[in-house]
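Undergrad: These protein sequence lines map, in sequence, to chains E and Y.
Following my numbering, the numbering of the first sequence begins with 65 at its first residue and continues without gaps.
Following my numbering, the numbering of the second sequence begins with 65 at its first residue and continues without gaps.
Hints were generated in silico from the structure; no laboratory data involved.
Quick caveat: nothing in here was measured; it's all calculated off a predicted structure.
There's no promise every hint is true.
Which copy is meant is left open, so a pair is good if it fits within one copy or across any two.
Cut-off 20 Å, straight-line C-alpha distance, at most; resulting in silico cross-link-like pairs (SDA-like, lysine to any residue) [what the hints assert, rightly or not]:
| id | residue 1 | residue 2 |
| --- | --- | --- |
| 1 | Lys349 | Gly144 |
| 2 | Lys382 | Pro223 |
| 3 | Lys349 | Gln327 |
| 4 | Lys349 | Ser287 |
| 5 | Lys382 | Ala129 |
| 6 | Lys349 | Pro288 |
| 7 | Lys349 | Val172 |
| 8 | Lys382 | Leu270 |
| 9 | Lys382 | Glu264 |
| 10 | Lys349 | Glu87 |
| 11 | Lys349 | Arg329 |
| 12 | Lys349 | Arg130 |
| 13 | Lys349 | Asp147 |
| 14 | Lys386 | Glu364 |
| 15 | Lys382 | Gln198 |
| 16 | Lys349 | Val299 |
| 17 | Lys349 | Asp296 |
| 18 | Lys382 | Arg178 |
| 19 | Lys386 | Arg304 |
What follows is the residue order along each chain.
Protein chains: 2
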Amino acid sequence: MQNKPRSSRVTLREVALSADVSEVTASRALRNPELVSERLRDRVLAAARELAYVPNQLASALASARTGRVAIIVPSLTNGVFDDYLRAAYDIFTPAGFQVVILNSNYVPGFEERAIETALGQYPEAIVLAGIDQTARARRLLNQAGIPVVQTMEIADDPIDINIGLSHAEAGHAAARLLFGLGHFRVAHMASPLDSRARERVRGYLRAVQEFDAEPIVATDDSPSNVAIGGDLLVEILRREPATSAIFCGNDNLALGALFECQRRGVRVPEDMSIIGFNDLEFAKSAFPALSTIATPRYEMARQAAEIILEITRGSGKRPRKRRIDLGFEVIERASTRRIAGASK
Amino acid sequence: MQNKPRSSRVTLREVALSADVSEVTASRALRNPELVSERLRDRVLAAARELAYVPNQLASALASARTGRVAIIVPSLTNGVFDDYLRAAYDIFTPAGFQVVILNSNYVPGFEERAIETALGQYPEAIVLAGIDQTARARRLLNQAGIPVVQTMEIADDPIDINIGLSHAEAGHAAARLLFGLGHFRVAHMASPLDSRARERVRGYLRAVQEFDAEPIVATDDSPSNVAIGGDLLVEILRREPATSAIFCGNDNLALGALFECQRRGVRVPEDMSIIGFNDLEFAKSAFPALSTIATPRYEMARQAAEIILEITRGSGKRPRKRRIDLGFEVIERASTRRIAGASK
DNA sequence: TTGAAAGCGCTACCAT
DNA sequence: ATGGTAGCGCTTTCAA
C-alpha cells in the first residue's frame with residue numbers, strides 16, 4: 065500500500081510471530097511484564113532481543129494518546145544561559161520517564177510560533193517556554209492543546225497557564241543601583257536586547273539612572289550576544305563617554321568581553337572600571353577579577369516547572385494553587401565592582 | 065475506545081466537515097494545494113485557520129512513512145563545542161524542511177545507546193552522531209534502521225555509514241609539538257577525558273612528549289570540563305611540577321580557567337606560562353591575552369553531514385563515493401603562547 | 001492469562 | 001479534481 069518501501073524494520077508483529085504469541089501478548093510482555101506468564105514473557109523478550117526490536121514510538125503514541133514527551137522551547141542553545149535550565153529539565157523529566165524534546169527558536173521573532181506549532185504537532189504532554197511574549201496565535205494553539213504550559217524566565221501579568229520566573233526590570237534596576245550606590249555616576253549599560261527580558265533589564269537600568277539623576281549611556285548590538293561583542297561595546301562606550309567608571313553588562317558573556325577589552329587597554333578592573341554582569345554563568349566566579357553579577361535561578365525555574373508538570377500529569381490534571389511563582393534573583397558582589405575612588409562613603 | 069479522553073484537539077476530519085469536503089481533499093489542500101481546485105482549497109484553508117488546526121505529526125508520519133525528522137545526538141549542550149555544530153545543522157536542515165531533534169547523552173556511557181534507541185523509535189530519516197565509539201548494540205540498531213548514519217567529530221577506521229571528522233590524536237600532537245617547538249620542555253596537559261576524543265588528544269600529547277624526550281605531566285578531572293576546573297587543574301600542575309612553563313589544555317574552557325588562575329597568582333601569560341587551548345570557541349580570540357588554540361571545523365562537519373544526508377534522502381538513497389572525510393584542524397597561534405625565555409631559537 | 005477486534009489520525013492508492 | 005477504502009504499528013477494550 066505504500067509506495068516507498070517502509071524500511072524493513074522489525075515490528076511487534078514479527079516479534080509476536082517469532083515468539084509464537086499474539087501481538088497483544090507481545091505488547092504486554094514488553095510494557096507490563098507482570099501481566100504475562102513467565103513462560104510467554106521470556107519467549108517474547110528473547111525474540112525482541114534477538115530481532116533487535118525497537119518499538120515504533122509513533123504508532124504507540126498514536127494508539128495510546130500518550131507520547132511520554134515534553135517539549136522545551138528555548139531561544140538559544142549557544143549562550144550558556146540555558147545550560148542549567150536544560151540540565152534541570154533532564155534531571156527531573158528523564159527519571160520520570162519523559163523524553164525531553166528541545167526546540168530552538170534562535171531569537172528570531174516568529175520562529176517561536178513555528179517551534180510551538182511543530183512541538184504541538186508531536187503531541188507533547190506538556191510544554192515549557194522561555195519568556196512570556198508569545199504571539200496571539202501561539203497562545204491560542206497552546207490553550208487548545210489542553211496540556212500544561214509553563215512560561216519561564218520572566219514574570220507575566222497574564223500567564224497562559226503556569227508561570228515561573230523573575231522580574232528582569234527589577235533585576236536590571238538592582239544591578240544599576242548597586243553601581244550608583246558605590247558612588248559611580250557615569251554608569252553605562254551594554255546589551256544585546258534580542259528578547260523582552262533584555263529589554264526589561266534596560267528599562268530597569270533607565271529607571272535607576274533617573275532615580276540617581278544621571279545620564280543614560282546605552283550601547284546595544286542586534287546580534288546574539290557573545291564575548292567579542294562585549295569588547296566592541298566597551299570600545300563604543302569609552303568613545304562616547306570616556307568618563308564612564310562603571311558598566312552594567314546585560315549578560316556575563318558581554319561582561320567577559322568588556323573585562324578582556326579593559327585589560328587590553330590597560331583600564332584596570334575594578335580600580336578604573338567597575339563591571340557587573342548578568343546571570344552568574346559558570347565562569348563568572350572564576351574570572352580574574354571575579355565577576356560581580358546578578359544570579360538568576362535558571363536551574364530552579366526549570367526544576368519547578370518540571371515538578372509541577374509531573375504533578376499535573378500524574379494527578380488527574382489539577383493545577384497547583386499558585387500559578388505564578390516569582391523566584392527572584394540575587395545580587396552577587398565579587399571583585400569586579402568597587403566603590404569609586406574618591407567617592408564619599 | 066480510549067480510557068483517557070483524547071485531548072479534544074481539532075482533527076482533519078473536523079476541518080473537512082467544516083469545509084464540507086472529504087478528508088482526503090482537506091489533506092491535499094493543506095499539503096499539495098495545487099492539486100485542489102481553488103474553491104475547495106480556500107474553504108479548507110479557511111476552516112483550518114478558523115479551527116486553529118494543527119496536523120497530528122504522529123499520524124501523518126505513521127501513514128506516510130516520512131517523519132521529516134533528523135536526529136542529532138550530542139554528548140553535551142553545555143560546553144560551547146556543539147554550538148556551531150548545531151547551528152550548522154539548523155542552517156541546512158530547517159530550510160530543507162527537516163525538523164531537527166536533539167538528544168543529549170550527557171557524556172554518560174550507556175546514555176548514548178539509550179538516546180540512539182529513543183531517536184530510532186521516532187523514525188528519523190537520518191541520524192547524526194558525535195564520535196565513533198557506539199556500542200555494538202547501538203551499531204546493530206543503527207544498521208537495521210536503514211537510514212543514513214553520519215558519525216562526526218572524529219575519524220573512524222570502520223565507519224557505520226558516513227564519517228566526517230578529524231584525528232584528535234593528530235590535533236593533540238600538534239598542540240603539544242607547538243609548545244615543545246617553542247623551546248618549552250616542561251609541557252603539561254590538562255583534560256576532562258570524558259570522551260574518546262579527549263583521550264585521543266592525551267595520546268597525541270604523550271606521543272609528542274616522547275618525541276621530545278620529555279616527562280609527561282597530565283592532570284585530569286572526571287567531570288564535564290568547565291572554567292573552574294581549568295583553574296583547579298592549573299593549581300595541581302603547578303604543585304606537582306612548579307617548573308612547568310607551558311600547558312596544553314584539552315579545551316578552551318579549561319584554558320580560560322587556567323589563564324584566569326595564572327593571572328590570579330601573578331603568573332604572567334605568556335611570559336611565564338604559555339597556554340594553548342582546543343576548539344577555538346568564540347571567546348578565544350577575544351581573551352586577553354588572546355588564546356592560542358586548535359581550531360576544529362565544527363560548523364563544517366555538521367554542514368557537510370547535513371548536505372550529504374539531504375543528497376541521500378533526496379536522491380534515491382545512494383551514498384556518496386567518499387564515505388570518510390577528514391576535515392583536519394588548524395593550529396591557531398595567538399598571544400597566549402610564546403617562545404620560552406632564554407631558549408635558543 | 002490470553003487473544004480478537006477496533007481504532008488512533010492521517011495518507012497512499014485506485015477509482016470516478 | 002475529488003473521494004472511498006485500506007492500512008501504517010501499536011494499544012485499548014472486551015470476551016474467553
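Undergrad: Take the hints in turn and mark each one as holding or not.
TA: Hint-by-hint comparison with the structure:
| no. | hint | result |
| --- | --- | --- |
| 1 | Lys349 - Gly144 | both (14 Å within a copy, 18 Å between copies) |
| 2 | Lys382 - Pro223 | within (16 Å within a copy, 50 Å between copies) |
| 3 | Lys349 - Gln327 | both (18 Å within a copy, 14 Å between copies) |
| 4 | Lys349 - Ser287 | between (26 Å within a copy, 18 Å between copies) |
| 5 | Lys382 - Ala129 | within (19 Å within a copy, 37 Å between copies) |
| 6 | Lys349 - Pro288 | between (23 Å within a copy, 17 Å between copies) |
| 7 | Lys349 - Val172 | neither (31 Å within a copy, 26 Å between copies) |
| 8 | Lys382 - Leu270 | neither (41 Å within a copy, 59 Å between copies) |
| 9 | Lys382 - Glu264 | neither (32 Å within a copy, 52 Å between copies) |
| 10 | Lys349 - Glu87 | neither (57 Å within a copy, 60 Å between copies) |
| 11 | Lys349 - Arg329 | between (23 Å within a copy, 15 Å between copies) |
| 12 | Lys349 - Arg130 | neither (43 Å within a copy, 48 Å between copies) |
| 13 | Lys349 - Asp147 | within (16 Å within a copy, 23 Å between copies) |
| 14 | Lys386 - Glu364 | within (16 Å within a copy, 47 Å between copies) |
| 15 | Lys382 - Gln198 | neither (24 Å within a copy, 42 Å between copies) |
| 16 | Lys349 - Val299 | between (24 Å within a copy, 16 Å between copies) |
| 17 | Lys349 - Asp296 | between (23 Å within a copy, 13 Å between copies) |
| 18 | Lys382 - Arg178 | neither (28 Å within a copy, 32 Å between copies) |
| 19 | Lys386 - Arg304 | neither (47 Å within a copy, 54 Å between copies) |
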